[in-house]
Structure formats: structure tokens, C-alpha cells
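Let the sequences and hints guide you as you build the complete structure.
Respectively, the protein sequence lines represent chains A and B. According to numbering that gives the first Met the number 0, the stretch in the first sequence is residues 0 to 238, in order. According to numbering that gives the first Met the number 0, the stretch in the second sequence is residues 0 to 263, in order.
Keep in mind that the hints were calculated from the coordinates and are not lab data. Some hints could be false.
Unchecked claim - Cβ-Cβ distance ranges computed for the label pairs, FRET-style: (1) B:Val100 x A:Arg57: 52 to 58 Å; (2) A:Thr85 x B:Pro105: 28 to 34 Å; (3) B:Leu101 x A:Trp155: 28 to 34 Å; (4) B:Asn17 x A:Pro112: 41 to 47 Å; (5) A:Val91 x B:Ser108: 25 to 31 Å; (6) B:Ser259 x A:Leu110: 51 to 57 Å; (7) A:Val91 x B:Phe139: 49 to 55 Å.
Stated by the list, open to error - Heads up, simulated SDA-like pairs for lysine to any residue below, C-alpha to C-alpha not over 25 Å straight-line: (8) A:Lys176 x B:Gln52; (9) A:Lys176 x B:Lys227; (10) A:Lys83 x B:Asn179; (11) A:Lys27 x B:Phe44; (12) A:Lys27 x B:Gln190; (13) A:Lys228 x B:Asn179; (14) A:Lys231 x B:Ser27; (15) B:Lys138 x A:Ala17; (16) A:Lys83 x B:Asp178; (17) A:Lys176 x B:Asn179; (18) B:Lys227 x A:Lys198; (19) A:Lys198 x B:Leu48; (20) A:Lys198 x A:Met180.
Claimed, not checked - Stretches of chain B that chain A covers, calculated by requiring three or more beta carbons in the stretch to come under 8 Å of a beta carbon on chain A: (21) 24-36; (22) 182-189.
Quick reminder that beta carbons are idealized off the backbone N, C-alpha and C, glycines included.
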Amino acid sequence: MLISLVRTGIALLMWLAAGNAVIGGYTKEEIISYYVVIMFAEWFLMWNPFHPIAEEIRSGYILTMLIKPLNYAKAWFAKEAGFKFTAMGILVIAAIFVFAMLKILNLRVILIPGWDWLLIIPALFAGVAISFFTTMSMVILAFWFTEVEYVNFLFWTIFIFLGGLWMPVSFLPGWLKTINMFLPFRYELSFPVEIIFHKIAGAELWTSLFMAGFWSVALLMIYRFLWKKGVKAYSAFGQ
Amino acid sequence: MKNFKRYIRIYWQIIKANTSLILVYRFSLLTNVLTTVSWAVFAIFAVILYSQQAPNLAGWSRTELLTLTGVFSLVTGFAYTFFLLNFINLPERINIGELDVLLTKPLDSQFLATMFNFSHANIARFLIGISILLFTIKKFSMSLAEMTIFFLLLVAAVIILYSIWLLLVTLNFYTRRLDNMISFLLELFDQTSRTPSDAFRIANSWAFNFLLPLFMVVSFPTKALWGKLSTEWILTTLITAIALFFLSRKFWQFSLQHYSSASS
Numbered sequence: 000m001l002i003s004l005v006r007t008g009i010a011l012l013m014w015l016a017a018g019n020a021v022i023g024g025y026t027k028e029e030i031i032s033y034y035v036v037i038m039f040a041e042w043f044l045m046w047n048p049f050h051p052i053a054e055e056i057r058s059g060y061i062l063t064m065l066i067k068p069l070n071y072a073k074a075w076f077a078k079e080a081g082f083k084f085t086a087m088g089i090l091v092i093a094a095i096f097v098f099a100m101l102k103i104l105n106l107r108v109i110l111i112p113g114w115d116w117l118l119i120i121p122a123l124f125a126g127v128a129i130s131f132f133t134t135m136s137m138v139i140l141a142f143w144f145t146e147v148e149y150v151n152f153l154f155w156t157i158f159i160f161l162g163g164l165w166m167p168v169s170f171l172p173g174w175l176k177t178i179n180m181f182l183p184f185r186y187e188l189s190f191p192v193e194i195i196f197h198k199i200a201g202a203e204l205w206t207s208l209f210m211a212g213f214w215s216v217a218l219l220m221i222y223r224f225l226w227k228k229g230v231k232a233y234s235a236f237g238q
Numbered sequence: 000m001k002n003f004k005r006y007i008r009i010y011w012q013i014i015k016a017n018t019s020l021i022l023v024y025r026f027s028l029l030t031n032v033l034t035t036v037s038w039a040v041f042a043i044f045a046v047i048l049y050s051q052q053a054p055n056l057a058g059w060s061r062t063e064l065l066t067l068t069g070v071f072s073l074v075t076g077f078a079y080t081f082f083l084l085n086f087i088n089l090p091e092r093i094n095i096g097e098l099d100v101l102l103t104k105p106l107d108s109q110f111l112a113t114m115f116n117f118s119h120a121n122i123a124r125f126l127i128g129i130s131i132l133l134f135t136i137k138k139f140s141m142s143l144a145e146m147t148i149f150f151l152l153l154v155a156a157v158i159i160l161y162s163i164w165l166l167l168v169t170l171n172f173y174t175r176r177l178d179n180m181i182s183f184l185l186e187l188f189d190q191t192s193r194t195p196s197d198a199f200r201i202a203n204s205w206a207f208n209f210l211l212p213l214f215m216v217v218s219f220p221t222k223a224l225w226g227k228l229s230t231e232w233i234l235t236t237l238i239t240a241i242a243l244f245f246l247s248r249k250f251w252q253f254s255l256q257h258y259s260s261a262s263s
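In C-alpha cells form, the structure reads like this:
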């Protein structure tokens with residue numbers, strides 16, 4: 000959460016220092032609101048148990064899980080859900096801190112409710128699914144390779160831009176915006192936030208919702224395929 | 000001088016041993032290098048994107064922002080190549096008592112603890128930094144004095160980064176599980192260093208003062224390159240580097256006296 004606070008805080012500062020009244024279709028107040036919302040959305044939507052799973056595979060500890068009558072992905076999903084729930088207290092402290100800072104700096108967060116907010120719920124579910132199965136698919140590469148940390152690093156390098164973490168995706172040039180429509184990054188984080196700020200409507204909204212659903216299912220299938228192959232290829236310590 | 004030559008010779012052997020090790024995992028090396036290159040591509044892309052939306056950030060033009068990215072890449076490329084793996088491994092070495100192996104060697108403990116591992120993949124980051132700088136610098140004429148100051152500030156930047164890192168990692172002698180704090184501070188460094196210091200000055204002078212040592216690593220050498228850094232700041236940066244280096248060394252030596260292996 001602290002890292003997220005730093006990252007979004009500095010990105011916000013960069014755009015505010017630019018001094019423009021409107022950037023990429025966002026007013027100054029909307030940009031402030033965007034970064035506050037994206038910071039909390041990141042906490043809710045990023046289900047990313049990459050490091051502990053990579054360590055389990057590398058150390059051979061995963062064997063203790065494989066011999067149990069458990070679904071490995073479901074077990075980790077439950078662990079992550081438990082973590083998110085128990086860490087709610089930290090989130091509340093972070094929220095108090097953020098709003099106190101905004102008050103000190105005389106900045107405001109503006110959110111205008113609308114009917115389209117109903118679509119946030121499926122968008123959030125899709126975001127969690129995409130985030131979780133992307134992580135699971137990436138980390139399973141540890142079955143074949145000794146070092147997978149760099150895959151995660153590469154993913155985050157791209158995700159920061161195309162997922163809306165560093166800036167709203169509407170800031171991207173037209174050609175990249177079109178390509179991004181068909182990639183999973185946007186649906187992992189940016190899409191629900193775009194709905195909150197009413198930056199997406201009509202046919203584009205429904206197409207995006209379809210794409211979010213498509214990537215949720217596609218990444219689940221990719222994970223299942225890699226898991227089957229990976230478990231067969233895996234040979235742990237001591238074997 | 001004789002001692003210095005001896006250490007150079009030993010360090011050359013360390014690099015050779017690290018190279019042999021990395022060649023066992025060639026695919027890993029390749030992916031590491033590719034990741035570093037893609038990071039650089041996205042960093043440049045970020046500057047282009049940003050300057051398209053906002054051509055002037057706190058008085059910094061696109062070329063100046065690109066130079067900032069180049070200096071960041073150069074300094075971190077150098078520091079990560081020589082120190083990154085050591086600072087990542089050191090907390091674990093201290094916590095499980097593996098540091099004993101290094102302490103029993105007839106060499107300076109700080110030298111061995113912070114320079115035992117060499118990260119080949121980060122050479123790519125260093126080279127990318129040089130390439131970006133060569134591309135941006137040619138657009139402006141610079142005097143020999145400006146070049147010398149820039150070079151001195153680069154050396155100071157690496158020393159500051161190394162010293163802050165060492166100070167933090169040395170805390171592991173007193174308490175365990177500092178990984179989160181170190182990750183947080185690395186992220187803070189990564190994010191603030193790629194942002195011009197003047198953006199912080201505009202936003203909040205308190206934030207600017209608090210993060211001052213981090214600005215000395217990337218923003219200040221970049222400003223010196225354009226002749227925008229005052230003599231006071233140049234001297235302050237050089238003095239800070241020397242002071243931090245001695246402070247971190249003294250803290251390391253003091254903490255070693257309290258180290259009692261894995262049972263501590």
C-alpha cells in the first residue's frame with residue numbers, strides 16, 4: 000500500500016506540475032480524483048501472489064501442496080482473499096492519511112454517481128480474475144526456468160503504462176489506445192476506474208465489458224494448460 | 000597503493016567467478032538483458048508520451064527529461080551492476096549467519112559484503128544510459144568544466160546511493176524483516192529520481208527537502224549538465240557524498256562489533 004501511495008503520489012505530482020488546465024480529457028480535479036481512486040482500486044484488484052508461489056516452486060515446498068487433495072489455484076485465491084480482508088485496517092489508515100493530505104494541500108476528490116456505475120461490479124470481478132490468472136500463468140513458468148522474477152518485472156513495466164497506473168489510458172496515442180483495447184492490461188485495473196469517471200460509454204462500454212469477460216476466461220484456460228504441462232515437467236529437490 | 004592493486008586483482012577474480020556462474024544459466028542472462036532493454040524502451044516512451052501531453056514540466060523540456068532518464072539509467076546501471084545483488088543478499092546473509100564466511104576472509108569486510116556478487120544483466124542498463132546521453136548531449140554544446148562537474152557529480156551520485164543502501168541494510172544487524180522497508184525505499188528512489196526535482200519544489204518545499212539526497216543522485220547531475228545547478232548545490236552534493244560514505248562505513252564497522260553470527 001505504501002509503495003502504491005508513493006507511485007501514484009509522484010505520478011499525480013508530475014501531472015500537476017505540468018500546470019495544464021486539461022490533459023488527455025481530464026481536468027485538474029479529475030486527475031487528482033483519478034489517482035486517488037486508482038490507488039485504492041490497485042489494492043482491491045491486484046491479486047498478485049507471484050513471489051511466494053515462485054519461492055514455493057523453487058524451493059520444492061510446492062510438493063506438500065501437490066500431494067494434498069486441493070486445487071492449488073483455489074487455495075491461493077482463498078489465501079489472497081483472506082489477506083485482503085485482514086489488511087482492511089491498513090487500507091482504512093491509508094485512506095485517512097490520503098484524505099488528510101488532500102485536505103492539507105487543499106485538493107478535492109470529485110465523484111459523480113451515474114447508472115453506468117452498476118457495470119463496475121462485473122468489471123471488478125473481471126479485473127480480479129484477469130489479475131489473478133495472469134499472475135498464476137506467469138509464475139508457473141518457474142516449473143521450467145530457475146529465475147522468473149524478470150517475467151514479473153517485464154509485466155509490471157508494461158502494465159504501469161497500459162493498465163492505467165501511471166496515467167489514464169486516454170493519454171495514450173490513438174494507435175496504442177486501439178491496440179490496448181484488445182490486450183488484457185486495461186481490463187485488469189483501468190476499466191472499472193474509467194466507468195467511475197464516465198470516460199467510457201455506448202458501444203465502447205459494451206465492447207470493453209465483452210473483452211474483460213473474454214480475457215478472464217482466456218487467462219483461466221491459459222493457466223490450466225500451463226499448470227497441466229508444468230506439473231508434469233516439474234522435478235523438485237531431492238528427486 | 001600496493002593494497003589497492005591487490006584489491007583490484009581480487010575483484011577481477013570475483014568478476015571472473017561471477018561470469019562463470021552466470022554462463023551456466025545463459026537463458027536467465029538473456030531474459031534479464033531483454034527485460035532491462037524493454038524497461039529502457041518504456042522509460043523513453045514515457046517521456047515522449049508525457050511531453051506530448053505537457054511540453055513543459057516545471058521548466059524541463061523533452062530533451063532535458065530524456066537526459067534525466069539517461070542519467071538515471073547510467074547511475075542505476077552502474078550501481079546495480081556492482082552492488083544490487085550484494086544488497087539483496089546481505090540481509091539474508093546476516094540473518095542466517097552466512098556472513099561469517101565473508102568475515103573470516105583476510106579482506107575488508109565491507110568490500111566483500113558489498114562487492115561479492117556482480118550483476119551482468121545491468122550492464123545493459125548502463126549502456127542504454129550512455130546511449131541516451133550521447134543522443135541528447137549532442138544537441139547542446141558543453142564546456143570541459145561542465146563535463147568535469149557532471150562526471151564528479153555522477154561519482155558522487157553512485158557513492159550517495161551506495162551509502163544510503165549500506166546504512167539501511169546494516170540495520171539488519173539489529174532487527175530482522177526489514178525487507179518491506181527496503182523495498183519501499185527502493186521504490187521511493189526509483190520514482191522520485193525519474194521525476195525532476197523542480198516538480199517537487201513547486202508542489203511542496205517540505206517534500207523537496209525531505210527527498211533532497213535522492214535528488215542528488217539523478218536530478219542534480221542532469222541539471223549540472225545543462226549548467227542549471229548552482230555552485231552551492233554542487234558543493235553540497237559532493238560534501239554529502241563524502242559524509243554519507245564515511246557515516247555508512249563507520250556504522251558498518253560499529254554494527255559488526257555487535258554481530259554474533261546466526262545465534263544473534
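* Take the C-alpha atoms of Lys198 of chain A and Leu48 of chain B, compute the straight-line distance between them, and say whether it is at most 25 Å. => Since the Cα atoms of Lys198 of chain A and Leu48 of chain B sit roughly 20 Å apart, the hinted pair holds (cutoff 25 Å).
* In this structure, is the beta-carbon distance linking Val100 of chain B and Arg57 of chain A contained in 52 to 58 Å? -> Violated, since Val100 of chain B and Arg57 of chain A (Cβ atoms, about 22 Å apart) do not stay within the stated range.
* Asked: Has the given pair, Lys231 of chain A with Ser27 of chain B, been kept, meaning a C-alpha gap of at most 25 Å?
  -> Holds, at about 22 Å.
* Asked: Can the restraint linking Lys198 of chain A and Met180 of chain A be considered satisfied, given a maximum Cα separation of 25 Å?
  -> holds, 14 Å
* To do: Evaluate the given range 41 to 47 Å for the C-beta pair formed by Asn17 of chain B and Pro112 of chain A.
  => Hint violated: Cβ distance 58 Å, outside 41 to 47 Å.
* To do: Take a quick look at whether Lys176 of chain A and Gln52 of chain B sit within 25 Å of each other, Cα to Cα.
  => holds, 15 Å
* To do: Could you see if the CB distance from Val91 of chain A to Phe139 of chain B stays within 49 to 55 Å?
  => holds, 50 Å
* When you check the alpha-carbon spacing of Lys227 of chain B and Lys198 of chain A, does it fall within 25 Å? -> violated, 40 Å
* How does the coverage statement for the segment 24-36 of chain B fare against chain A, requiring three or more residues with Cβ below 8 Å from a Cβ of that chain? -> holds (count 7)
* Asked: Is the hinted pair Lys83 of chain A and Asp178 of chain B satisfied, with a Cα-Cα distance of at most 25 Å?
  -> Holds, at about 20 Å.
* Assess, step by step, whether the Cα of Lys83 of chain A is no farther than 25 Å from the Cα of Asn179 of chain B, and give holds or violated. => Holds: Lys83 of chain A and Asn179 of chain B sit about 17 Å apart, inside 25 Å.
* Asked: Could one say that the CB atoms of Val91 of chain A and Ser108 of chain B fall in the range 25 to 31 Å?
  -> About 44 Å separates the Cβ atoms of Val91 of chain A and Ser108 of chain B, which means 25 to 31 Å is violated.
Checked against the numbered hints listed earlier, the structure breaks hints 1, 2, 4, 5, 9, 13, 17 and 18; every other hint is satisfied.
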